[in-house]
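For this one, chain S is given, so just place chain X on it according to the hints.
Top to bottom, those sequences are chains S and X.
For the first sequence, the tail end lands on 278 under this note's numbering, and the numbers increase by one without skipping.
For the second sequence, the tail end lands on 177 under this note's numbering, and the numbers increase by one without skipping.
Take these hints with a grain of salt, some might be off.
[As the list claims (entries may be wrong)] As a list, the in silico DSBU-like pairs of lysine-lysine whose alpha-carbon atoms are at most 35 Å apart:
(1) S:K30 with S:K134
(2) S:K30 with X:K126
(3) X:K126 with S:K134
Derived by calculation from the structure, the hints in this document are not laboratory data.
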Amino acid sequence: MSPLHFIRQRPFAVLGIVILLWLLVPVALKRLARVSLFEFGAPADFAASYARDLQQYWSLRTRSTNELIETARDLANLNASYEVRIQENDTLREEVHRLEDVLRLPSSSEYRTEIARVVRRDFSTWSQRLVIRKGRNAAIPVGAPVIFTGGVVGRVSEVYAYTAVVDLISSPTLRIAAMVDGDSRPFSFQGGPNPPFAQARGSVEFVPLDIFASPESPKRIVTAGLGGVFPPGIVIGHVQNLELDTGGLFKSGTVLLDPRLNELHEVAVLIPLNPEQQ
Amino acid sequence: MDPRWIVIVLANALLVFLGGQLNHYLAHWSVSVFLLGAAIPLAGLRLRFHPGLIAMFLSGLLVDAARPPVFFGSSALLYATLFTCWHSIRLRLKRDGLAPQVIGALVANLVLFLAQPLLLGIDAAKGTSLSRLVVDLLFSELAVALVIPWFFALQEQALLLCGVDLANEARQPGGAL
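Next comes chain X alone, as it looks inside the complex:
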């Protein structure tokens, strides 16, 4: 069985756990970071569509399980949609280097962050202040930009340990799809 989607899901579970621990300590200052956009770049840039969609969908379910009551599966559908959009245009984008990872993660994080009030309802949206939203968004984007090189490398190394060499596969004909 191809282990790549399992590795990606476990790596994203680690991301959710580490994000939760960071927010635990930041709670003292009434700020939080939102790191879920960092889960998309590797799948978007390197994985084929089939395992990538499975990995993103299951990662979204993990995210929803740990969050306030929303329609269960909403993050999964968001992740799947963002991944599909990225996957459909990625042949036209540069895929190597740090820039695509960082920019892709920042854009994905921004979209996911701004989608939260739609998922959580009008009470949650009315119950936050603009200053909190701006500060949290800034901190989140900064944290994602700092974390993504490490997280991307972690996922690639984990896949290598499981015998999946994405760089080699991408050089094969049709390997990018």
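Looking at chain S on its own, in the form it has when it is part of the complex:
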């Protein structure tokens, strides 16, 4: 029986052979193929991302001069307040370094910030990811925390030549050590589930029993800083109700995340300056 005749007459046998051969392919070769195919598709997403930026630029060009002047004035006020906060931050940072020296404490991790535009949002039924427009070319490491003006965005899960993939904080695959703002006791935060046409959300577990939250007085949840990935004190979201879990020893609840997570255009990747301290 010729090979072509065999292929036509025994399709399931051929399928079985293909499956077996694929399972025997070395993992390194599969990884190379995966990376190559991802990079093959990356220019198309890049081009679409630049096209969106160009579209936004030309739509702004249609605004009247008065509108632009008002917007620039508002931004100038905002920048002025940020300048004051930067100065306060520098003063506090110097104070922290001075106290670390006096008390002989190990220095806390410092980060440099890499701003990256979002190429594509991928909020599927099963996972929530972003593709950003920087990768190995900007020395972004796997596992780097990603934030935006509203707080935590997520964590870098894959890095390619010019892009990186960020697992969003609303993704069920992401867990972070969290705490209530003003309290130092850590508990667990995990992303998801995310209902349709609603704010992104997550859930908290192992919350101490003496912490209460309600829609009238929600509690702000921030990163605990454990594990060395996320600096402490970055906003995650707000919890509006906490209920006793099945064990009765802790509470659990749903966290509402920032609605701007669904429309991010730009994020900041925190790259540790001393990675060995992570």
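Quick look at chain X alone, frame taken from chain S:
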């Protein structure tokens, strides 16, 4: 060299790209569409087994490269399996007209969609809500039903441009295999 499998793979790459862009804009409303089932009808209805299997396998690898970490090749194996099943029964099915394309795409899309939690793991499956699953599935099936006539025609025209006339080949003796 027979270009048909290359044309199909490139067309499916376009489908993955367009699906990604659509989901980028739908992310604002926390919904998404899953269009991967639209890649199968033309191969299932028109292509011979050998080029169809190659096209489906490579298309699956492209799909896996753009998705969250799964066993690389899982979509390729799923595509190859669905194509093989379709190919083995297609002589008993009606092959002309819109209905086989649409029904085939909807069924394939449903199977692929429901297979995702098995590929992504228990965390992903537990981390989604039933309402999100139902809404996304409904939107996905609707989008596939709308897209498939255009996509099917696009692939046929692309093959014609490369000198492959599937309709003519199907009329030849043994051309359906």
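Checked hints:
This hinted pair checks out: S:K30 and S:K134 have alpha carbons roughly 24 Å apart, not beyond 35 Å. For the hint pairing S:K30 with X:K126, the CA-to-CA distance comes to about 28 Å; that is within 35 Å, so the pair holds. Straight-line distance between C-alpha atoms of X:K126 and S:K134 comes to about 31 Å, which keeps the hinted pair within the 35 Å bound.
The structure fails none of the hints (numbered hints given earlier).
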